[in-house]
Structure formats: structure tokens, C-alpha cells
Amino acid sequence: MRYLPLTSDDRRAMLARIGAPDVDALFRDVPKSALTSLSTFHLPDTQGELEVERHMSKLAAKNVAAGAAPFFCGAGAYKHHVPSAVDHLIQRSEFLTSYTPYQPEIAQGTLQYLFEFQTQVALLTGMEVANASLYDGSTATAEAVLMAQRVTKRGKAILSGGLHPHYAETVETVAGLFGPMQRTAVTPGCAEDIIALIDEDTACVVVQSPDVFGLIRNLRPIADAAHAKGALLIAVVTEIVSLGLLEPPGAQGADIVAAEGQSIGNGLNFGGPYVGLFATKEKFLRQMPGRLCGETVDVEGRRGYVLTLSTREQHIRREKATSNICTNSGLCCLAFTIHLSLLGEEGLTRLARINHAKAVSLAVRLALLPGVDLLPNAYFNEFTVKLPKPAAPIVEALAVQGVIAGVPVSRLLPHDASVQNLLIVAATETNTDDDFDALVGALKGAL
Amino acid sequence: MSMNNQGRPTGAGDPNRRRPIAPGTVTSEVLGTISGNKGLDHEESLIFELDHGAVGVDLPDVKVGDDRLGGMRRSARIGLPGLSEPEVIRHYVRLSRKNYAIDSGLYPLGSCTMKHNPRLNEKMARLPGFGDLHPLAPASTTQGALELISQLMNWLTTLTGMPAVAMSPKAGAHGELCGMLAIRAAIAARGENRKRVLVPESAHGTNPATAAFAGFTVDEVPAKPNGHVDAEALKAKLGPDVAAIMLTNPNTCGLFEGDIIDIAKAVHDAGAYFYCDGANFNAIAGKVRPGDLGIDAMHINLHKTFSTPHGGGGPGAGPVVLSARLAAYAPIPLLVADDKGLRLIEDMTAAPDGAKPFGRMCAFHGQMGMFSRALTYMLSHGRDGVRQASEDAVLSANYILASLKDVMSAPFGDGPCMHEVLFDDSFLQGTGVTTLDFAKAMIDEGYHPMTMYFPLVVHGAMLIEPTESESKESLDRFIHVLHTLSEEALAKNVARFVGAPHLAPRRRLDETAAARKPVLRWKPDALKQAAE
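Protein sequences appear in the order of chains A and B.
Residue numbering for the first sequence is 1159 to 1605, as defined by the working numbering.
Residue numbering for the second sequence is 45 to 576, as defined by the working numbering.
All clues given are correct.
Residues from chain A that face chain B, not an exhaustive set, calculated with beta carbons under 8 angstroms: (1) 1262; (2) 1280; (3) 1456; (4) 1500; (5) 1518.
Think of the hints as simulated: they come from the structure by calculation, not from any bench.
Every residue gets a Cβ at the ideal spot worked out from N, C-alpha and C, and that includes glycine.
Start from the sequences, fold in the hints, and give me the full structure.
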């Protein structure tokens, strides 16, 4: 087997030094009844690289890649162009095959990019501090609610109906153990009146902007109302490129920002791995979940970086930790930080403007189709249209014609009959005018 | 030009005439350079300090006059630095060279399983059909991805002898949470209120943290002097309020818990569930099926046992296998097959008959990018290779134990260990060398240190996991270095230990200062001064 360096001679020599007759003697603590033979496992035997590649390629060929068709899916995961340098750099052995930087003297590469990543996330979100990433946007949102429950010593969370339903379900599953989770009704294209629900028992209000239907929210009044009742505002962002053009949540009074960073540097990957961004105010630092990287000096006075404030974490605090998280999204946050470094201020703002311009141009064209209504009046690169018929069968029919039209809202809220005609459409820099023609033409034919 | 005692030019001339060249340049006996660099080891500024208004992408300058942003347009600059592509590439390449990696040397971190990461896995994960596939794309366009998940599920359930597996958890600790939430749901379904979870003191920190995260209280179970969990003490703690035990097997001392079947029976008799931390499954994969041991739930770290790369701290993946008693409570999404092919059930209310999902662990369907890598690894190894890998990992750990126990103290070294070998610091008593010094001296020898001060059940723990990826020659060189270091420590030749490492890109870093006055982000000089 090509990955195993020991030869039979090596194994014999090693057993001899150990003084064991055979390798099974090393498994002597295992109850005899539990030691199985190879034939117990109905699985294939070793295969060469060529055979495995053939098998995997056949599976991959049964899928339609986003780049292989006019493509308009968003709703929490976005197709963007990632510069070639990103994937090249993250595959450097020293990044790809290293562990969590517990030995800072020989992990300064990882630690320095984490420090830079934290700075970039803080700048983008307009917050004071950011951690070194969580798993993804949805788990970051759940961690944010748990943190708000700790900070306020209250249980109740109010979840906006515009929060991605998967995010809301994740929050309810995890934070629902520690207090009531109140989800507001879904009002696609409009902002619900969430302020009226905030009371003295409320730990936090969770609002996504742009929301899952694409609507850009004004967070400031919600932040003010939450603060007046001693609650926190958690702002959720699923399309991080939007912050190249939109006022950041930090400037609107958010206390915690939980975001999905996939759009920058990371591929679609059928839903993971992605990278959770988590930023907050300095005063809540010690209640933050996840790894933090800090600047310090070595014994010769040279600047260096270490993991810090680990007294919040599970390996020190055990059951009193702020989170159970151990592994985070190291390589995905490296991809994020490299892509953002390539973009820089000018590149990101240009990218955001292109995305917005594309979306506006597509939205205007779709709204001209008979029976099609554009729902949000303020949006970034994604919006919801109301079709005269259920959206899901249309999406499947258009897929057969080679157009991936978007995400039917019924995929996210299958039990809500009122949304079955709604389609979420995203447009990014990857879409061409030909793509738009294909979508508009195919949709016209299907309606 | 003056020469040092090895006849090499020192370059800096009279040491009294040496000027500090760059902030923080070397002050030790090591040669100072004009640049602050040391040969291939470059000092590298923060990317923010390299900003000069360049740009690393070419994008058209589209004007958005009549925007639809609802008056929420950004009013201030973000503050991101601007660099060209060559500058960005050089920055990250220079950073990468400050990292130790499995590809450059033996990485004996106990409990972390730093094994070889085959590049075929990377290539397969990047096939456009997997890497460029949207999680909510129409079902007819994702059948290959669902088939891949289904095949991986088959491997995981077959290798573990368990009937079901939840695929969405994103890492080991996330898998623990998933398993404990399934247990919580099963207990609630029985109309019971069990709040206590028994966790051995040798457990990974994630275990008690997860139990608390899932709303349970934690009750510690002591270890016996031989490193095994005290089964009698554990049984004595069982009662009607105990929800579960969380046991790692093989445990964190590198030992197989031989009483496990007996423990499982007692746990089940008491109406509780058995969660097994599967971090060490790589010792027994292809040899022992956890399902035969009475386990109800176990996460599998695909980034350990099945070799998806650790990536400097993630991403991982932590699917959880479930027993028949817990299978019904697996979270959404669920993968089902019907006459139209494979499909995902993504909604609680649409669960098939008998399924009672406890909720959702995350958006979408889990770490697909890790699934494709892990399946590639499994297919490459095959069942025979998986079994051989476990045997080689155990053999290599025992070889290290046999080769070092004459100088280093192995508290449980009388019998064989599993895939990792535990030493303590009793052999260092009176030498003036600590576990930390010993580990840091390994850095100067070109090795990543072993896991230190964990598990907590022995003093000054040093946990070594060589994995199956090392040749005998590599193991022999490693053994030679550790043997010699031990002899030097025992002879009280402490110079190479005190203040080690001396030869790494950085010497020991001041972690206390970092925590006392945290600096967690770069700030422009103006802001920094304003703050001070």
C-alpha cells in the first residue's frame, strides 16, 4: 500500500525489539470476542491511484458544477471567482499539513495569518475584535446567541423571519436548550416589526442583512431598541462581499456579528467546509467562543504571535468553557485572508459594485416578465421574485434545460404554503449577459 | 573579516560596533544581519504594513450611480491594505516557511493523529463536480454528490458495525455535541429527566465542555493507577439521573479499555447511554467494530483517522455513528433513497416514518470537501489497507515504547500500548529539565514536540503518536534523538534544554503578556497612539 512505509522485514524487526510474537499480541487488551477478521468487512480492497481517480471522477461527472451552466443559486452560499493564487498557496505543505499552532515557535506562519485574518474581519464588520474563525456562518450564529445568553444572563432570543431558515434551526437546536427561541413570521421583501417583541427577558435579537430574501435591513433602530431593554443585537451576514458596499453592522450598533466567509476565497463545496466569521466588542472579549491569536514578543524581544486567552477554552476550562469548539476552519480562513489581501480595499469595493450592478440589471429584466414581481426594493447581489406558479418544479424543469435558476424558497421552508411561488436569485461577477439571456428566456418559456 | 570558532565569517566585524539593524533583530550569539533575515528564514511584516495602494486583481471599475441599497451604502473606507499579486504570494510563502508540517517531518502529537495527507485526496475534492457544486442546487444535478455521501456512510457504518450515521457535524467536538443531543432527545422521548454525564478524568477537554454545552452536568470518574478508567467507581456512580458516559477508547493514555463491554452493559442496565469519543479510532479501524463493544454513539474525526488535512486547525469533519437505540434521533438533513434516486430530507416535518430528528447541527449538509477526501482515502487503502494502517500505527508506538522505556519513564509501560505511547516526567526529576524544556529541545532537533501535559492523569505527560506514516528509519532517527536527549538530561547537561528552542524562527514567546494585555488585531500607528 503506497501510503505505508513499513515493509514486512521492518515489521518483523520491530516486533522482535518489542518482544511480541505478532501484531495481535499488541491488541491483547481488546476482548477476544471483539477482534474481527478482515472478511467481516464487506468493503473493497486496496486500489491504485488511477482506479480511485476513475471511481471519484464518475461520481463527480453525475453532478452539474456551478461553472458548467448559467447559474443563479445563493441563499447562503455564493459562486464567486477565486484567484488562482489562493488555491495554490493554501496547498503549500506548511499550511495544509500543519496542526493547530500549539507550538508557536514553529507555527508563526499560521499564527501571523490568523492575526491578519482577525484584523481583516474586524475591519470588514466594523467591530473591535474578531476570533480566528468558527465552523461556518450558521454555527457562528448559534455561538453568538449562546454568548448573548451568557453576557445578559437571559435566555430568550428573537430570531428574525429574514434569518436563513437553516441558521434559525441551528440556533434553535443548540441555544434553545438555554431559553425560548422566538422566530418572527416570514415577510419576504419587507422588514417585520421585530422591535415590538423585545422585552426585559430578551438576551438578543438576531437579524440578517441582507436577509435570506435579499432585503437590506437598517439595523440601527433595532440596535437602539435592543440596547434600551438590555439586550444585544446579533447581526448575521451570509454574503460577506456585501460589506464591500454596505454600511458594516458595527457602524449600525451591532454587538456581535456572525457571518459566513465562504464568498471570499472558498468554493461552494456542496455546503462545506466554509468559514464562520465572529466579531464583537472588546468588552465582551472574555465571553467570546473560539480561538484567538494575540501579539507578543519572544525572549529576544522579537514580535511574534500566540494563541491567547485560552482560559476561555475547553482544553483548559473543560465544562466551564465558553464553547466546546476545538478545531475551527484554519485552511478556509487562510483562503479567505489571501483572497481578501489580493482584493484589497479597491478590489473588494469594485467586486461589490460589480455584484450589485449585475443583480440590479437582472432584477429589472426579470420584473418585466409577465406575472413576475420583484419583492425587496433594497438588495445587494441577491433578491426574491414571486412567480405566478410554484418555483420548485420550474427550477427542476429549467435544470433539465441547462439553466440553474436559483433556490426555491420552498426548499428552505417546505411547510409554508405562502412561499411556494418564491424564487431566490443571486447574480455575481461570474454571471455574463448570456447567462441573463438564458435565464430570462427559459423562465419566460416556463411561465 | 573576523571568523567565528568554526572558521565561518561573522560578517558583523567587531561586536562592539554592531548596531541594532531592524527592530527586534537578533541579540543572542546568533549572527546579526542587515535585513534581520537569516538565510532562508525571512522576517515578514504584517500585510497591513506592506500596504502601498496596489491591487492584486483586475476588475472593471463599474459605477453604481442609481443603487438599490436602500440608503445603506458604506460611508467610510474599510481600511484594507492594497498589494499586487507577486507581493501577496511572497508574503504567504514566507509565512508558510515558518511552520512545521507533516510533509517536512515526523509530527508526534499524541491524540492528534498527524498522518500523511495524500495529494490524490486534494485533487479529487477539487473536481468541479464536487468543489463547484452548490448545496441547494436542484436535486437532479447533485446525484453524484449524494451517492458519494451514501458510499462514505456505508464505509463508516461497516467499519464501526453501527446501523446509522449522522453526517453533518463539522468537527470532532461538533460530533460530540450531535451525539449528546441525540442522547438528550432519546431520554426526553422516554419521558425521563436524566442530567448527569460521567466523564473520566483522562478525557479530552471537549468531552466535559460538550456535556455542559448540551445542558448536562459533569461528574468525573477517576482513573486507576494502571491508566484505565476505574470501572467499579464508574458503576458506583450510575443511577437514575445518569444520562450517559463519555469514554474515549483507546483512551488518552494510549490504552484499550478492556472492561468496555462490561461497562457498556452496566451503563445500559442503568438506563443510560454510552458515548464513545472516537478520536482514537485510528488505532482499531479495520480490527475492532465499536458496535460490538456496546457503544451508542461515536464521532469519527475524518481529519484524524481518514487523513483529511489538519490545515493549521481545520476544517475537520465529525460524522457520528449511532446505535439502533439512537438512530431515530439523528439530525436533519437525512439522506434517503427512493425511486427517483437519492434525496435529502431537509425539513423536520418531512422526516420519514419513525424518524424523530432532534434538530439541525448546521446549514446545509456537512463537510462535503472532507467527505470526498475521506472516501478517496478509504478507497485507496481498502479494508485491508485500513486494517494494516491501524496495525502499523500500533506497532510503531510500541516500537517507540520498547526503544525508550530504558531512559524515559513510561507509567503504563509494562504492557503494550495502542497507537500512542505515554511518558511522564518522573525520569526528569532532579535534572532541572521540565517536560516543556524537553519538548522545546526537540524543536531544535527538527521535530515537532509531542503532546505535553495531557492527559492530566500523569505528571508532566508526554504523549507520542507516530502514526503509520513513518518508515522504520525515520522512527529510528527519532528514537535516537529522544534517547540522547534523555541521557543528556539525566547527565544534567541542561544547556540545550534551558530556554530552548534556540534555532526556530522564534524563541519562547511571552504568553503571559499576550493574555494580560491582549493585542488581537493590527491598528494603524495613529490609532495605536490615540489609544495610548
